[in-house]
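The lines below spell out each chain.
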Amino acid sequence: MSDHELRVSKIRDGTVLDHLPGGSALNVLAMLGIDGSEGTGVSVAMNVPSERLGTKDVVKVEERELSQAEVDVLSLIAPRATVNIVREYEVQEKKQAERPDTVVGVLACPNSSCITNAEEPVESRFDVLDDGVRCGYCEEIIREGIAAHLDVG
Amino acid sequence: MRQDHLVAAGQLSRADVERVLDRAAEFDAALDAGDDLPARYPEKLLALCFYEPSTRTKMSFETAMKRLGGDVVDMGGVDASSVKKGESLADTVRVIEGYADGLVLRHPREGAAKMAAEFVDAPVVNAGDGAGHHPSQTLLDLYTIREAAGLDDLTIGIVGDLKYGRTVHSLATALTEFDTRMHFVSPESLRLPRSVRFDLHEAGAQVREHTQLDEVLPELDVLYVTRIQRERFPDEDEYRKVAGEFQIDAETLEAAREDLTVMHPLPRVDEIDPAIDDTDHANYFEQAHNGVPVRMALLDLLFANHE
Chain Y
1 MSDHELRVSK
11 IRDGTVLDHL
21 PGGSALNVLA
31 MLGIDGSEGT
41 GVSVAMNVPS
51 ERLGTKDVVK
61 VEERELSQAE
71 VDVLSLIAPR
81 ATVNIVREYE
91 VQEKKQAERP
101 DTVVGVLACP
111 NSSCITNAEE
121 PVESRFDVLD
131 DGVRCGYCEE
141 IIREGIAAHL
151 DVG
Chain F
1001 MRQDHLVAAG
1011 QLSRADVERV
1021 LDRAAEFDAA
1031 LDAGDDLPAR
1041 YPEKLLALCF
1051 YEPSTRTKMS
1061 FETAMKRLGG
1071 DVVDMGGVDA
1081 SSVKKGESLA
1091 DTVRVIEGYA
1101 DGLVLRHPRE
1111 GAAKMAAEFV
1121 DAPVVNAGDG
1131 AGHHPSQTLL
1141 DLYTIREAAG
1151 LDDLTIGIVG
1161 DLKYGRTVHS
1171 LATALTEFDT
1181 RMHFVSPESL
1191 RLPRSVRFDL
1201 HEAGAQVREH
1211 TQLDEVLPEL
1221 DVLYVTRIQR
1231 ERFPDEDEYR
1241 KVAGEFQIDA
1251 ETLEAAREDL
1261 TVMHPLPRVD
1271 EIDPAIDDTD
1281 HANYFEQAHN
1291 GVPVRMALLD
1301 LLFANHE
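Taken in order, these protein sequences are the chains called Y and F. Going by my numbering, the first sequence opens with residue 1, and the numbers climb by one from there. Going by my numbering, the second sequence opens with residue 1001, and the numbers climb by one from there.
No wet-lab data here; the hints were simulated from the structure. Check before you lean on any hint, since a few could be wrong.
Said to hold, decoys possible - Coverage of chain F stretches by chain Y, computed from C-beta distances (three or more under 8 Å per stretch; other residues unrestricted): (1) 1085-1095; (2) 1109-1116; (3) 1122-1132.
As the list claims (entries may be wrong) - Incomplete in silico selection of chain Y near chain F, CB under 8 Å: (4) Ile85; (5) Tyr89; (6) Asn111; (7) Ile115; (8) Thr116; (9) Ala118; (10) Glu119; (11) Tyr137; (12) Cys138; (13) Glu139; (14) Ile141.
All values reported here derive from a predicted model rather than from experimental measurement. Quick reminder that beta carbons are idealized off the backbone N, C-alpha and C, glycines included.
If we strip away everything but chain Y, and leave its shape as in the complex, we get (with noise of 0.2 Å):
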């Protein structure tokens, strides 16, 4: 057993986040939307060591199954991510993370004389780029620091 799966013992049912970047994972959290006011346990393991990323945070999330749209916008700020779908204690599903063509409410577009930061009834929209994403309206392009974007709100 490694030292990681140690730290934060096995689920019954719900999703295992792998191979997050170290120091991610409340930034993962945050972008699935989980706070922990769902009631259903949630735990976290930042900075683990790991043999392909160095140091890696690892998530678990009980009763839910994330979908393969999560999955991929989870990609934005953790392109390794491996995603495991848990049920009674067994991984009956692997899912990889791939970049989606666009997020939609999920970031905040950092142009304040955006019109998605008005008080208006639209949702953000990015397209995803190579290097980064683009806001589908006022068309700024963010390349670094994505999850800084994040639209907790």
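With the hints as your guide, set chain F onto chain Y.
Here is chain F on its own, set in the frame of chain Y:
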């Protein structure tokens, strides 16, 4: 042109542009000849929704619509509208769509026209969205350039506020459809925004950036001058650092080709010396004049698409 709306120049293919300009040339010739134009849209109303001040754009759309036989309804200034009560743009355009057959929208926020077009079926024309785009201006700019110098094998210099200048953003994007070499001249702090440079790069455009006009002036067929826009600067000190940096006068143009065409979307403040007005270089008043036939053509094609 297949679109129902015009929110950004990037929507326009070369064929789209040529179709609008060809139709504009027909209207232009008829207007110049004093011909009685048939009332093409006597039953149509165009709504003018200007959340920012405008003279040329607003009046030329109004004139264009009336020349097509239609009429306009004007939202009036923001202070006298329900916007003052806090009504959202999305609600406003949905209400106005109930009154009019098309909307012309100028708004201080980038992406406003794009969002508005998602809420209504009637054609929406972006008449300027903050520092974003101004595609109908681009069509009249291209019309003016085509009349003066053609649109291929063209070397164009664009000088001034390239960061906040929405006319520049739309023009640069549209020029990628043609065989042009683009030179962008600005203070370092007013370079083209990353999004526009990205589009130009993706389109494989021939682009060079400069901080001095004299590096490139002798090569140019067209010099497109823009105002440093005080109202777009978040900080007055930043404005003062660059205001007046590029002023075109007779001495400046000594190094230019004799057939250089000087353009400006207007209003100018002090970017172009009035002494240039009477020279063969000056084309900015003709450029403004072209707003009517070009917007007639644009409205004609959008209404035709919508029917």
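Hint check results:
no.	hint	in the structure
1	1085-1095	holds (count 4)
2	1109-1116	holds (count 6)
3	1122-1132	holds (count 4)
4	Ile85	violated (35 Å)
5	Tyr89	violated (46 Å)
6	Asn111	holds (6 Å)
7	Ile115	holds (4 Å)
8	Thr116	holds (7 Å)
9	Ala118	holds (6 Å)
10	Glu119	holds (6 Å)
11	Tyr137	holds (3 Å)
12	Cys138	holds (4 Å)
13	Glu139	holds (4 Å)
14	Ile141	holds (5 Å)
Violation of the numbered hints given earlier is confined to hints 4, 5; the remaining hints are satisfied by the structure.
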